[in-house]
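2 protein chains.
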Amino acid sequence: MNQFDFNIVSSDCGARAGVLAAPHGDIETPCFMPVGTRATVKTLSPRDLAEAGAQVVLANAYHLFFRPGTATVASLGGLHAFMSWDGPLLTDSGGYQVFSLGPAARVFAGGVEFKSVYDGARHFFTPELSVRVQEQLGADIIMCLDECPPAQAGPGELQRAVQRTAAWAARCRKEQQRQDQMLMGIVQGGTNEKLRRESAERILEIGFGGYAIGGLSVGEERSAMLEALVLTAGLLPADRPRYFMGLGDPAGILAAISAGVDMFDCVLPTRLARHGSAFTASGRLNLRGAVFARQDGPLDAGCRCYACQNFSRAYIRHLVTQKELLGLQLLSLHNVTFLLDLTRKARQAIIQGRFQDFMKSAPAEY
Amino acid sequence: MNQFDFNIVSSDCGARAGVLAAPHGDIETPCFMPVGTRATVKTLSPRDLAEAGAQVVLANAYHLFFRPGTATVASLGGLHAFMSWDGPLLTDSGGYQVFSLGPAARVFAGGVEFKSVYDGARHFFTPELSVRVQEQLGADIIMCLDECPPAQAGPGELQRAVQRTAAWAARCRKEQQRQDQMLMGIVQGGTNEKLRRESAERILEIGFGGYAIGGLSVGEERSAMLEALVLTAGLLPADRPRYFMGLGDPAGILAAISAGVDMFDCVLPTRLARHGSAFTASGRLNLRGAVFARQDGPLDAGCRCYACQNFSRAYIRHLVTQKELLGLQLLSLHNVTFLLDLTRKARQAIIQGRFQDFMKSAPAEY
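The listed protein sequences correspond, in order, to chains A and B. When we follow the numbering used here, the leftmost residue of the first sequence carries the number 1, and every step to the right adds one. When we follow the numbering used here, the leftmost residue of the second sequence carries the number 1, and every step to the right adds one.
Careful: at least some of the hints might be erroneous.
[What the hints assert, rightly or not] Residues from chain A that keep clear of chain B, each with C-beta distances beyond 12 Å, as calculated:
#, residue
1, Pro46
2, Arg47
3, Cys303
[What the hints assert, rightly or not] Each pair of labels, with its calculated beta carbon distance range:
#, chain 1, residue 1, chain 2, residue 2, range
4, A, Cys13, B, Asn286, 56 to 66 Å
5, A, Asp26, B, Asp357, 25 to 35 Å
6, A, Arg178, B, Val9, 52 to 62 Å
7, B, Gly78, A, Arg274, 28 to 38 Å
Just so you know, these hints were derived from the structure itself, not from any lab. Remember, it's a predicted structure, so these values are computed and weren't measured experimentally. Note that beta-carbon positions come from the ideal geometry of N, C-alpha and C, so glycine has one too.
Using the sequences and the hints, build the whole thing.
And the structure:
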């Protein structure tokens, strides 16, 4: 395969199983990508991630720009060498921070003025700067700077975000120098059908190696999210990868795979771990519960992860309640493995033409 | 070998290389034993410990008595099953908490009244209770309840501690039911020669499978500590293991090995990690230092650990300064490996009859 070829191996009722040829290795889709915001997936080492089955790891250009600094990462051989992950990497552009930082990010036509979360200093992020930073970091896949408004944004704000996102996408495309990185465009438009269509049209017009569905999972109703997701996925070219940004709940991931989405990322598995919670085939468990104090079984009987193969719920509860960090590590490893296995099993089901059955057999408690 | 046989394989100028046959595996001495106070060595999994070369892991009967409770651990199959460590384990008796908890521990002739660090409730720890708790936990090696006074204790307090420690040791010996656990006696007496001799005499009179040197590393001058250590080690029978409690600095460990000590434990490697520090062959590094921001080399060029084989000082500094827990894990793994390798190399040197040279070549910066 040539660089960034995307072969659809199999499709089944709209769901697709593919292979994306990234410079640091092939990515089998659908895939879940663990998030290592500051060049580390919280509490997990690269070998933990490899064991869990991670193929692509995310990092965040905004955070790495500030700490340790783009030039520092570059001087140490780039992001792969820095974090000791030799598989594919994807960097987010900083666009999500427009949403997540709220008033600390002011959006202008030219770019975003960020107040650094580290020292309060103001920095102006342009689409061009975002691409240059991501080129210096050197991930396999890089993202356009976009404007991601919150769910409660009015039509005017949404419309403006669609326009800026398109204008910035064109500037990113123009700025890109490195040919060994795949630049992805991002479709915005909230849950508004007209704006989604307009955004998709404008981003497709520019043309990218892959397309991301942004601006969802930002506080909107679930039904509206699913509707916008299905709509947007259907607007994207069938022959390029589709990436739904920021979705980490198992049921949501399965719904998006049904709609033809190929890539997912979310901080949910590690965030849940910090709250003492575990994904299981029969719903989430919160290990702080006294009910687990003497339970000898694993977090999830069907799970192959190191935590489930070696430790009881009672022990993990002990670690969590005593604030012992091994508890956080074991829950993180389990939750990340759980989502990686979910997408891997979905892929197998698609290839074997039984994706509908797989969906039906998915626990309602997801 | 029969259970708890202790074979001295080789000795060299007072230093000894031995093998202690514990129920869960042979222990090659001299050895460093990582401390898992609450049934977990902070941030390290059992497989991390095995990879680092740990043979014995410590846990603390005082802490496990309160959380999760002795009966809970027993109902889950005992401490080995609970923490998923199938090698040898050693539990401390709670005696150290007499020192470390200060006013929250009141010592009486009958035992220690502890104010629980968990909920403030008062509990009376007798020598008998300590043995029963440790029998329920099921470690390979268990310790007598002793009174460990602080370095500033006056002669009267030291004398009283020697007497109580001896009286309690006799009660522990009498209480012991399980024959598959080795009970160790503890010699007290601070840095007072007369009291050390008296304590050793009384503990030896009772007779134990092994002997610990307690009451040092509690704030005394280093020279006084070394003097008391050499004195006490010389008073203990040559054919049984000698355990120096609570010593974790590399130079101190080497000095104690010279004096014929076989076993060591300390929280220092994981505590240093929490402070961002690493042992190296040329002294300790504090990774918070700006000087490490772009250093591409490993923590310690001679180290075989996962952290040193895969990550730069710059990356670990990034993790530490950003409070990313992977930094703490990598430093803990490195520091524990460092002490395990130190004792392993000392053992090889003893066997090869070059222990003096090994001592001479040890970096002064230790």
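- [ ] For Asp26 of chain A and Asp357 of chain B, compare the CB-CB distance with the range 25 to 35 Å and indicate the outcome.
- [x] Taking Cβ atoms as reference, Asp26 of chain A and Asp357 of chain B lie about 53 Å apart, which means the hint is violated.
- [ ] Take a quick look at Arg47 of chain A and tell me if its Cβ sits farther than 12 Å from every Cβ on chain B, holds or violated.
- [x] violated (7 Å)
Open item on the list: Quick check for students: does the CB of Pro46 of chain A sit more than 12 Å from each CB in chain B?
Closed with: violated (7 Å)
TODO: Could you say whether the range 52 to 62 Å given as a hint is met by the Cβ separation of Arg178 of chain A and Val9 of chain B?
DONE: holds (59 Å)
Open item on the list: Holds or violated: the 28 to 38 Å window for the beta-carbon distance between Gly78 of chain B and Arg274 of chain A?
Closed with: holds (30 Å)
Task: Hint check for Asn286 of chain B and Cys13 of chain A - Cβ pair distance inside 56 to 66 Å - done: holds (57 Å)
Task: Check on Cys303 of chain A being off the interface with chain B, judged by Cβ distance over 12 Å - done: holds (15 Å)
Checked against the numbered hints given earlier, the structure breaks hints 1, 2, 5 and satisfies all the rest.
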